[in-house]
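K.L.:
Here is how the chains run, residue by residue.
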Amino acid sequence: MSDPAVRLSGLRKSFGAVHAVTGVDLDIADGEFFAMLGPSGSGKTTVLRMIAGFESPTSGTVELGGVDVTRLAPFERDVNTVFQDYALFPHMSVLDNVEYGLRVKRVPRAERRERALAALASVRLEGYERRRPGQLSGGQRQRVALARALVNRPRVLLLDEPLGALDLKLREEMQVELKSIQREVGITFLFVTHDQEEALTMSDRVAVFDRGRVEQVGTPAEIYERPATAFVAGFVGTSNLISGSAAQAVLGREGTFSVRPEKLRVAALGDPVDGAEHSATGTVSEVVYAGPATRFVVELDAGGRLIALQQNLQVSSMDVMGLRGTKVRLVWHRRHEFAIVS
Amino acid sequence: MNAAPNTPAAALSRRTPRRRLSAFLHRHAGVRLSLLLSAPMLWLGIAYLGALAALFAAALWRADTFTGDLIREVTWANFQDLFTTEVYRTIALRSVGVAVAVTLIDLVIAFPMAFAMAKLASPRAQRWLVIAVLTPLWASYLVKAYAWRVMLSSEGVLGWGYGLTATIITLSYLWLPYMILPIYAGLERLPNSLLEAAGDLGARGWRTFRTVVWPLAFPAVVAGSIFTFSLSLGDYIAVKIVGGRSQLIGNVVYDNIGAANNLPFAAAVATVPVVIMLVYLAAVRRTGALENL
Numbered sequence: 000m001s002d003p004a005v006r007l008s009g010l011r012k013s014f015g016a017v018h019a020v021t022g023v024d025l026d027i028a029d030g031e032f033f034a035m036l037g038p039s040g041s042g043k044t045t046v047l048r049m050i051a052g053f054e055s056p057t058s059g060t061v062e063l064g065g066v067d068v069t070r071l072a073p074f075e076r077d078v079n080t081v082f083q084d085y086a087l088f089p090h091m092s093v094l095d096n097v098e099y100g101l102r103v104k105r106v107p108r109a110e111r112r113e114r115a116l117a118a119l120a121s122v123r124l125e126g127y128e129r130r131r132p133g134q135l136s137g138g139q140r141q142r143v144a145l146a147r148a149l150v151n152r153p154r155v156l157l158l159d160e161p162l163g164a165l166d167l168k169l170r171e172e173m174q175v176e177l178k179s180i181q182r183e184v185g186i187t188f189l190f191v192t193h194d195q196e197e198a199l200t201m202s203d204r205v206a207v208f209d210r211g212r213v214e215q216v217g218t219p220a221e222i223y224e225r226p227a228t229a230f231v232a233g234f235v236g237t238s239n240l241i242s243g244s245a246a247q248a249v250l251g252r253e254g255t256f257s258v259r260p261e262k263l264r265v266a267a268l269g270d271p272v273d274g275a276e277h278s279a280t281g282t283v284s285e286v287v288y289a290g291p292a293t294r295f296v297v298e299l300d301a302g303g304r305l306i307a308l309q310q311n312l313q314v315s316s317m318d319v320m321g322l323r324g325t326k327v328r329l330v331w332h333r334r335h336e337f338a339i340v341s
Numbered sequence: 000m001n002a003a004p005n006t007p008a009a010a011l012s013r014r015t016p017r018r019r020l021s022a023f024l025h026r027h028a029g030v031r032l033s034l035l036l037s038a039p040m041l042w043l044g045i046a047y048l049g050a051l052a053a054l055f056a057a058a059l060w061r062a063d064t065f066t067g068d069l070i071r072e073v074t075w076a077n078f079q080d081l082f083t084t085e086v087y088r089t090i091a092l093r094s095v096g097v098a099v100a101v102t103l104i105d106l107v108i109a110f111p112m113a114f115a116m117a118k119l120a121s122p123r124a125q126r127w128l129v130i131a132v133l134t135p136l137w138a139s140y141l142v143k144a145y146a147w148r149v150m151l152s153s154e155g156v157l158g159w160g161y162g163l164t165a166t167i168i169t170l171s172y173l174w175l176p177y178m179i180l181p182i183y184a185g186l187e188r189l190p191n192s193l194l195e196a197a198g199d200l201g202a203r204g205w206r207t208f209r210t211v212v213w214p215l216a217f218p219a220v221v222a223g224s225i226f227t228f229s230l231s232l233g234d235y236i237a238v239k240i241v242g243g244r245s246q247l248i249g250n251v252v253y254d255n256i257g258a259a260n261n262l263p264f265a266a267a268v269a270t271v272p273v274v275i276m277l278v279y280l281a282a283v284r285r286t287g288a289l290e291n292l
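Protein sequence lines, in the order shown, are assigned to chains A and B. Take 0 as the starting number for the first sequence in numbering that gives the first Met the number 0 and just add one per residue. Take 0 as the starting number for the second sequence in numbering that gives the first Met the number 0 and just add one per residue.
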């Protein structure tokens, strides 16, 4: 087996008394689209900056393609970064920005120009070569930053909240575009985000960070369907926990369990329940109509509360609003409930 | 407390003259602006531009050779003397040379200092460094110049003696804060991510400086140089204290007001640094430096 593109071993970083990263071990395979997901202050950006070389770890090592680069300066590492604020050089044209890395590496003029133009074409920015960054929109600047990094053909591309500054519509477009660019160039993409939806839709694998540690690593489906800890269950999607006496009453088991909202069916009290299903009765305390779906907040008779998400396939807001205050039965398949490690 | 209801109707019922005036000013932005600006505009117009105009007018008069009385007749004779007399040309060029040297020396010292303050020091150290840079400005100009006189005298710590070099050293010291502060402010505004991006793309320190830091800090450098250059060009005290027998434009002005009692000629000499500064400002306007002051 070949060496992973990135290997982090026992990585720690403290800023004085603040422990930003408290022991991270990760292997990121070649060609992978890998997301580091977590709330702000969870240490994900610090890890990214240690891979880029902007911060040096308090202890632990960073390997790129099997080579220990922990002590190397940023300019000695075969990685490039797309910065959160894009960090385009404001006094240079778009073309000069994209050519910067190649000029530093003394790539001959003709080849430099050709590669820069190809990189700009790959992010659909032909015809913008002479513009200054200040004359571009946020989305265009984002793509220039991407082209400026990709043109160097790094081993790993690091993206720090690359879509954070864009509005929702543009962000969704860029998610699709980033994914297709990554497939095209085949470079390992390692990106940092606090947006769980972004992490789930774009990446091959996700590492969920909390308080300087990795809580769970897995494919988006694994992270979402089988969260390993209460934190992951809560941060990625709605947590919907059943615990304590409620778990005893509803499931007949000790511990804390979770079911995703869309896995719950809102049924009438007398509806039949399959042998492979579990159910719990409760009172609808809140109904939120959101166009394609409706969110029901149900206070369980056994204690606790669950949120159920139902597609509005046949119903309108009139129909669902009337359910507030009524007694219902929530039904779900047993395989959709999972135990949570506290 | 019994607060009155904050409705438009309640507000109208409470219209005191002061409220009426506030409302009037609120509606008429032009009146508000002219009231605020009238005092500073008067000051600028009369005290500053007026004085400059008076200076230029005085330069076109002449003084009676025997009595020293002003003769208010327009003549270009003062400027003719100024441009045809060898010694004045030499002094003017020497003054510009000193101003350029002071500016360059201050730049070389100030840039690394400002960079360390803006990019390397911790926020706490940054505050202390700014105070440290500002502190010499609280001391009297004369005290500082005499301190250098003591250090430079042949019995002093440095003992290099007086002259043009001593003048340049002293002026460089005096105006250094005026170079550090604009560059510091300019580098402060430069996002750290730009420096990181250059390193990320393979550039080492010197290249990052040359291609990213310097071009972006250049307007701030020019802003600082306006201070050091103009302050040096107009100075005559430091050169009197540590300059030995050397003379600068300022001394010629001073001597013509004092000993020679020839105010029109002093005025003509004084227009020389004004013109040099105007030319300099026109040249640097294109760099965007004036937005950095």
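There's no promise every hint is true.
[Unchecked claim] With a Cα cut of at most 25 Å, we get these calculated SDA-like pairs of lysine to any residue: (1) LYS104/A - GLU195/B; (2) LYS104/A - ASN191/B; (3) LYS104/A - ALA76/B; (4) LYS104/A - PRO214/B; (5) LYS118/B - LEU71/A; (6) LYS118/B - MET91/A; (7) LYS118/B - PHE53/A.
Just so you know, these hints were derived from the structure itself, not from any lab. In this text the structure is predicted, and so the values were computed from the model without any measurement.
K.L.:
Does the structure keep LYS104/A and GLU195/B at a Cα separation of 25 Å or less?
P.N.:
The given pair, whose Cα atoms are some 17 Å apart, holds under the 25 Å limit.
K.L.:
Has the given pair, LYS118/B with LEU71/A, been kept, meaning a C-alpha gap of at most 25 Å?
P.N.:
OK: LYS118/B and LEU71/A at ~21 Å, within 25 Å.
K.L.:
Does LYS118/B pair with PHE53/A here, judged by a C-alpha cut-off of 25 Å?
P.N.:
Given that 25 Å is the threshold and the Cα spacing comes to 14 Å, the pair holds.
K.L.:
Take the C-alpha atoms of LYS104/A and PRO214/B, compute the straight-line distance between them, and say whether it is at most 25 Å.
P.N.:
It holds: about 21 Å lies between the C-alpha atoms, which stays within 25 Å.
K.L.:
Does LYS104/A pair with ASN191/B here, judged by a C-alpha cut-off of 25 Å?
P.N.:
With Cα atoms ~22 Å apart, LYS104/A and ASN191/B stay inside 25 Å; holds.
K.L.:
With the threshold set at 25 Å, check whether the alpha-carbon distance from LYS118/B to MET91/A stays at or below it.
P.N.:
22 Å, holds
K.L.:
Given the hint that LYS104/A pairs with ALA76/B, test it: the Cα-Cα distance must not exceed 25 Å.
P.N.:
Violated - the C-alpha atoms of ALA76/B and LYS104/A are around 63 Å apart, more than 25 Å.
Checked against the numbered hints given earlier, the structure breaks only hint 3 and satisfies all the rest.
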